[in-house]
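Participant: Sequences listed follow chains F and W, in order. Heads up: the first sequence begins at 33 in this note's numbering, then just goes up one per residue. Heads up: the second sequence begins at 33 in this note's numbering, then just goes up one per residue.
The set of hints was computed from the structure by calculation and includes no laboratory data. Heads up, the beta-carbon is just placed ideally off N, CA and C, and yes, glycines get one too. There could be a bad hint or two in this list.
As the list claims (entries may be wrong) - Between beta-carbon pairs, the in silico distance windows are:
| id | chain 1 | residue 1 | chain 2 | residue 2 | range |
| --- | --- | --- | --- | --- | --- |
| 1 | W | GLN84 | F | LYS207 | 25 to 35 Å |
| 2 | W | GLN204 | F | ALA172 | 26 to 36 Å |
| 3 | W | GLY205 | F | ASP99 | 13 to 23 Å |
To be verified - Within a straight-line C-alpha distance of at most 25 Å, the following computed SDA-like cross-link-like pairs (lysine to any residue) qualify:
| id | chain 1 | residue 1 | chain 2 | residue 2 |
| --- | --- | --- | --- | --- |
| 4 | W | LYS106 | W | TYR123 |
| 5 | F | LYS207 | W | PRO181 |
| 6 | W | LYS169 | F | ASN221 |
There are 2 protein chains.
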Amino acid sequence: MQQRSEETRSRILEAAVKQFAVNGYGKASVDNICEQAGVSKGAFYHHFQTKQDVFLALLDGWLQIFDQAVEASKDQPVPETFQQMTDYFPYIFESASDNLPMFLEFLLQASRDDKVWQASIAPYRRYHKHFASLIKKGIAEGSFVEVDPNLAARLIVSAAMGLLLQSLLDPQGAKWDKVARETVQLMMNSLVREEN
Amino acid sequence: MQQRSEETRSRILEAAVKQFAVNGYGKASVDNICEQAGVSKGAFYHHFQTKQDVFLALLDGWLQIFDQAVEASKDQPVPETFQQMTDYFPYIFESASDNLPMFLEFLLQASRDDKVWQASIAPYRRYHKHFASLIKKGIAEGSFVEVDPNLAARLIVSAAMGLLLQSLLDPQGAKWDKVARETVQLMMNSLVREEN
C-alpha cells in the first residue's frame, strides 16, 4: 500500500515536469497533471494540496542532488571534502539539457511568487554559508591559505551556478562534469597550502 | 530627421522591454508594442522586420555592456586589463532586479528558438575565447603563473554568469558590484606571479 502510494506520488511529479515544461507553470492545471499521470484527483489531493505544492516538491527534489554533494563526507580534511564533492558531478550534469525548461520555470516562478522565491533563494544562501564555514575550517586546520572565507564561498557558489547554467544552455559546448571537476581542482590549487 | 528616427527606435525598444516583461515574449505583439510606444506600424517596420528582430536588438544592446567591459583597455599588462574591467561593474549590476524578467525571456527564447539560441550562446563562447587568450598573453608576458588558460577562462565566465544570475534573483542579498570586484581580486591573487 505504502509502495503504491509512493508510485502514485512519483507519477504525479513526472507528469507535472512534463506539463510545466510543455505548457509552462501558468497554463498547467491539476486536471492536466492528473490526466497525464493517469491518476484520480482524489489521489492527487491525497499527496498535494495545490499545483504550487507539486512545484515546490520538484524544486526540493532537484535541490536534494546538490545537498547530497555539498554534505558529502564532512569528517575529513577540507581539501578531501571538496574532492569528494566532485564524485557527484556526473550525476548533477547528467541530461542537463532536458532540465533547462524546468530550471527556467523555477526562476520565472521565483520572480513572480514570494513563496517560490524564498524556496529558491534560501538554498543559495545556505550553500554560501556552508562553503564559508568549510573554508574557515580549512584555514583553521592549516590545509588552506588565509583567504576571506565569505568571498571564496561566493566564488565557489557563483562558479557552480554559472557552470550549471552554461551546461543547461549549451550541453554540447563542453564536457561539463569534467570542466566542473577541473575547475574545483584549479580553485583548490590556489586555496591549498603548498606545504600540504 | 536622423535624431527623430533614433528616438523612435529607442521608444520601440523600451516599449518592447515592458511588453516582454509583463506579457512574456509569446503574448507580446507588434500591435501592443506600437501602442505602448505611441508609434505607427509604418514607423515600426521602418526599423524592424519582425518582433524577433526587436528581441534580438534588445539582446544585442544588453551584450554591448559586457562587450565594453571585456574589450576594456587591452594595451596594458594583463592584470591591469582585468582591473579596469571592474570599472564597468557598477553599470552592469545597476538596477539588476528590473532586468530579471528580460534575462529570463532571453533564456526561454534561447531554449525554444534556434536563431535566438545562436545569438545567446555565441557571446559566451566569444567571452571564453577572449579570456583564454588574455590569460595566455598574461603568461607570455610573465605577469601570470602557468595555468591552463582554457580552464581559467571557464572559471571567469562561470563566476561572472553566476554572480549576474544571483544579482538578478537576489538584488538585496549582497552589494553585487562590490562582491564582483572583490572576486576578480581574489582570482587575480592566485593568477598573478608573486614577484610582480
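Participant: For each hint, tell me whether it holds in the structure or not.
Facilitator: Consistency of the hints with the structure:
Checked against the hint of 25 to 35 Å, the C-beta distance between GLN84 of chain W and LYS207 of chain F comes to roughly 32 Å, which is consistent with it. The given range of 26 to 36 Å is respected by GLN204 of chain W and ALA172 of chain F, whose C-beta atoms sit roughly 31 Å from each other. Restraint check, GLY205 of chain W to ASP99 of chain F: a C-beta distance of roughly 20 Å satisfies the suggested window 13 to 23 Å. In summary, the hint linking LYS106 of chain W to TYR123 of chain W is supported, as the alpha carbons are separated by about 20 Å, within the 25 Å threshold.
For the hint linking LYS207 of chain F to PRO181 of chain W, the alpha-carbon distance of about 17 Å falls within 25 Å, and the restraint holds. Distance check on the hinted pair: LYS169 of chain W and ASN221 of chain F sit about 21 Å apart at the alpha-carbon level, within 25 Å; holds.
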